[in-house]
Amino acid sequence: MSADFLYAIEVLLNGLMAGVMYSLVALGFVLIFKASGVFNYAQGVMALFAALTLVGIMNGEVPFSHLINAMFGTQVHDFGWHVPALAAIGLTAVVMVFFAILVEKLILKHLIGQEPIILFMATIGLAYFMEGFGDMMWGADIKPLDVGLPKGGSIWIEENTAWLGGEGQRFFGFFIDKLDMSATLVAAILVIALTLFSQYTATGRALRAVADDHQAALSVGISLRAIWVITWSIAGFVALVAGIMWGSKSGVQFSLAFIALKALPVLMLGGFTSIPGAIVGGLIIGMGEKLFEFLAGPLIGGATENWFAYVLALIFLVFRPQGLFGERIIERV
Amino acid sequence: MKSLKIAALAAGVVALAAPAFADLVFPSMSYRTGPYAAGGIPYADGYQDYMTLINERDGGLGGEKLKVVECETGYNTQKGVECYESTKGQGALLYQPLSTGITYQLIPKVQSDQIPVLTMGYGRTSAANGAVFEYIFNFPANYWAGASGIVNHLLDINGGDIKGKSIALVYHNSAYGKEPIRTLEELSKKHGFTLTTLPVDHPGQEQKSQWLQIRRERPDYVLMWGWGVMNSVAIQEAANINFPMENFIGIWWSGSENDVRPAGAAANGYKAATFHNVGSDYPIFDDLKTYVFDKGLTAGAGDQVGTAIYNRGLYAAMMAVEGARKAQELAGHANITPQEMRDGLENLEITEALMDSLGMPNFGPSFKVSCGNHGGSGDVGIQQWDAASDTWKLISDFAPVDLEVIQPLIDADSAAYAAEAGITPRSCN
Amino acid sequence: MYYREAGDFKTSYRKDQQNFPIRFDRVHFWTMMVLAFAVIPFFINDYWANAVFVPFLIYAIATLGLNILTGYCGQVSLGSAGFMAVGAYASYKLMTSFPDLNFFVIVVLSGAITALVGTAFGLPSLRIKGFYLAVATLAAQFFLVWLFNKVPWFYNNSASGQISVPRRDMFGIAITGPEASAATKYLVCLAIVFVLGFIARNLTRGRIGRSWMAIRDMDFAAEIIGVDPLRAKLSAFAISSFFIGIAGSLFFTIYLGAVEVGEAFGIERSFLILFMVIIGGLGSIYGSFAGAAFLVLMPVLLKNALVGGLGWPSDVAAHLEFMIMGALIIFFLIVEPHGLARLWAVTKQKLRLWPFPY
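Protein chains in written order, with the numbering used here: chain W, 25 to 357; chain E, 608 to 1036; chain F, 286 to 643.
Among the hints, erroneous ones may be present.
[Stated by the list, open to error] Here are the computed lysine-lysine pairs in the DSBU-like style, where the Cα-Cα straight-line distance is at most 30 Å:
no. : chain 1 : residue 1 : chain 2 : residue 2
1   : E       : K772      : F       : K435
2   : W       : K133      : F       : K635
3   : W       : K58       : F       : K414
4   : E       : K797      : E       : K772
5   : F       : K414      : W       : K133
6   : F       : K633      : E       : K796
7   : F       : K378      : F       : K300
8   : F       : K633      : F       : K300
9   : F       : K300      : E       : K797
10  : E       : K772      : E       : K796
11  : E       : K796      : E       : K770
12  : E       : K770      : F       : K635
13  : W       : K58       : W       : K133
Please keep in mind that the hints were generated in silico from the structure rather than gathered at the bench.
Between the sequences and the hints, there should be enough to build the whole structure, so can you do that?
Structure follows, in structure tokens:
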């Protein structure tokens, strides 16, 4: 086989896995949108905050140390202990639950029944707040995150696929990042767990009921507010997972909040209300943008990924205005 | 804690109402927040610590205290404008904006306000032509010198011949990242290597496409003009595809500890260009400890001391102070004005002996600024990361760059600016 | 009592249709204008002009533009900064290609060029609705920024891709470039804002504005009663982009003087303008100004209060700034979800009775 063709396949595979990383962020959006109709702009910042908290706990950093030092002239930095990764993840999850309760109590409760754009705006306010809060709490420098996930290209795959190119071709075997593979695995587990949860537990059914019809759910005695806390907690947990994956890749720092921008085209393509949509949308976007960069990038100068993701979503939307898996928009006068 | 800093800031506000020219004011346009905070924090710390040292150890400069007015820009041009406008009325002597975007903004403004700007290793490269850019300085090195310095290093290790080699440039898709392209193109004609350019969009967390392309094309060398998270991701990706690290060379803004540490041992051997020395093995650090750190006057958390960018902040402050010293000498009085500061910078000469006396022997190249040359010598060294000892090492000393290629580019670009802005270059004889 | 509407009788249609039908509003509006045109220019200095007034006025134009599209016509757009970039680069190319062209002509032409681009990107709005439409405008945002960064023609082949504004004079006074005085910059922006504000106000209460609002409230229903959605939506995109293009042009020529597309016109700028619209109040001309003022002034105020007033380290202050901004946005939404404009309307209600409780 020709090397170019094989490389196209390699780009596709890597695109798929990049798509999984986008889906991880998009999942959190979908969960919250389904349950409460809130387009949660703060999802990216939540991922940043969760990852910052995780690193902070793992390294035993003193929260707000900079503020404390500035106020009292002390020189405190860390407690000097290290928490194992799993325990730290558990603790961070608890923090995210606590965060969900606060969001419900302080924000959502007061905005029941408002228009979507108002709720959207409130999450923007939340994002602003969390950006400042996270940085103030843990500092603004780049923090390496290592929870023990494997990193680097898989040599095994590389060596065992090199023969595909045949003699005389400049083909070096497929490159697959081990971190991407773990992300795919984690995403699969996450989606299965979420599906099982929503299909087979009472809370899960309540969640789906709320997603279908707020009024009807209320009338059969489901507490909307409790459901919101639960959804935001789950979304917080998904944000933590996304934060771990992206943080392991690039270190935990401010730019992590921008991954929300990568999730937007995924959401729009997949539909705001569909979990499979978030996954499939992610795969299409990841694949599409990488393939376009591979084919057209060298011709028109590269760095096309950012805008091409949106153009791709746009093309799909022109044919299906509600997204691939979105609920059909029925309009009545 | 930093009572001095608080006092300085408080004084700064009072000064807003009634400009007091009692001190020598050096605004520090820093960014301790936002996507590039990891680079901004050590620089601001180093800058401020040096100024504090001069105040504490020498009682200021010529009897005048130095005052650092810190202003947070968040690497945002709009906030940079606000910072500039709010500090210029306080008798600011010299701006060092640490952002190419803000520098471009300030270039026309400072020309009419007559306040000098020093952009060490960033900003507009053609500002090295002092005849056109009267108030802008960019010694000791600029991006084009950096590009040439790196190519010189490649020539060195290849025995002077890189004909037929392929070089890829991974760059931040912005004004900053595009700077070296023209120089590299010229150099590729001269030395016969092929150049591929790979842009990475801000912030640069996703670089899979670029690195897959590098893996496919297997260039002999990869150069990088990156900033912020883009650096650490690129180094990680290079490690992922098993690209030989010693063939991966970054500009000085891609050469900090923050960039290499996340990749761990895999980053061992990564190189970066630099225009100042590394590490904290200099007499000045003893002074800093005695007069600044032990007194609790540290600017930041104190954990950045001796890192590459901290040293750059220190070096930038040293240039500012030496410029001011020269200015006082020329003016004959201690309380200098921005215009006198400009004259001081223009007559600045950094020699081995001077650096020795400052406790910074061989900290940077020795050079001389003149009316026509605001860019210094442009000497560039190469540092290499040693992951085992967690330190940078200078592996090739500050060496001259290819001015034959760079000077015509500087002349052309500054002439274009002069024509566009309607400036008649002054005569420099 | 303080805010009086009673006793204001209209004896002709003309009077009934004027911009400020209530005398109180009219008097206050003209007092404000006299203050803005005749008093402030004498006191303004570089700091106030460059850090507060000029950005406020320019953002007010952009916010007006986006409000026409989002507030009046109901089409969500996250591409404002991209369209501002079109305005800025159009001005740059026009200024450098035709050095003798009058500055105001350049500004209007930049707006017109942006209107064309905006209309093109508005086409998908005929098919895609709601939040999904944001994708079309985001595509515009990212594509335009990429384009201006990539094609050297737009920045006249300069090495770094930065564009700097050349100096332009009018009546012998520098309007653009570093020599332009604070008062000139301020007055140029103010004059343009005044004209555009007047246009926006009268467009939105006229026939075309009503067709936009019909589309916003329900496009199907509007179509049935005879509003052409194609014309209404595309005209909203065109006029909105015209305003935003002018804002972009001024942003570059008057305010910043040198821009780099990715930094000055990034997605954050689009969000900022949308925040201004929502905080000010969707579908309100007054709200556009209030929202712009709030988001321009607040950070400057907070910074001066925290760093200047309390003497805190600038980074702690910057973090706090973010937190306070966020908290304030949430607080405002909880207290009054329909923005500052509505808050003002409520205040007016109260003032009507004040100081008597009933």
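Here's how the hints hold up against the structure:
1. E/K772 with F/K435: holds (26 Å)
2. W/K133 with F/K635: This hinted pair holds, its Cα atoms lying about 27 Å apart.
3. W/K58 with F/K414: holds (18 Å)
4. E/K797 with E/K772: holds (13 Å)
5. F/K414 with W/K133: holds (28 Å)
6. F/K633 with E/K796: Violated: F/K633 and E/K796 sit about 72 Å apart, past 30 Å.
7. F/K378 with F/K300: Between F/K378 and F/K300 the Cα gap is close to 45 Å, so the pair fails against 30 Å, i.e. violated.
8. F/K633 with F/K300: Status holds; Cα separation ~22 Å.
9. F/K300 with E/K797: violated (77 Å)
10. E/K772 with E/K796: holds (12 Å)
11. E/K796 with E/K770: Distance of about 10 Å is within 30 Å: holds.
12. E/K770 with F/K635: violated (81 Å)
13. W/K58 with W/K133: holds (17 Å)
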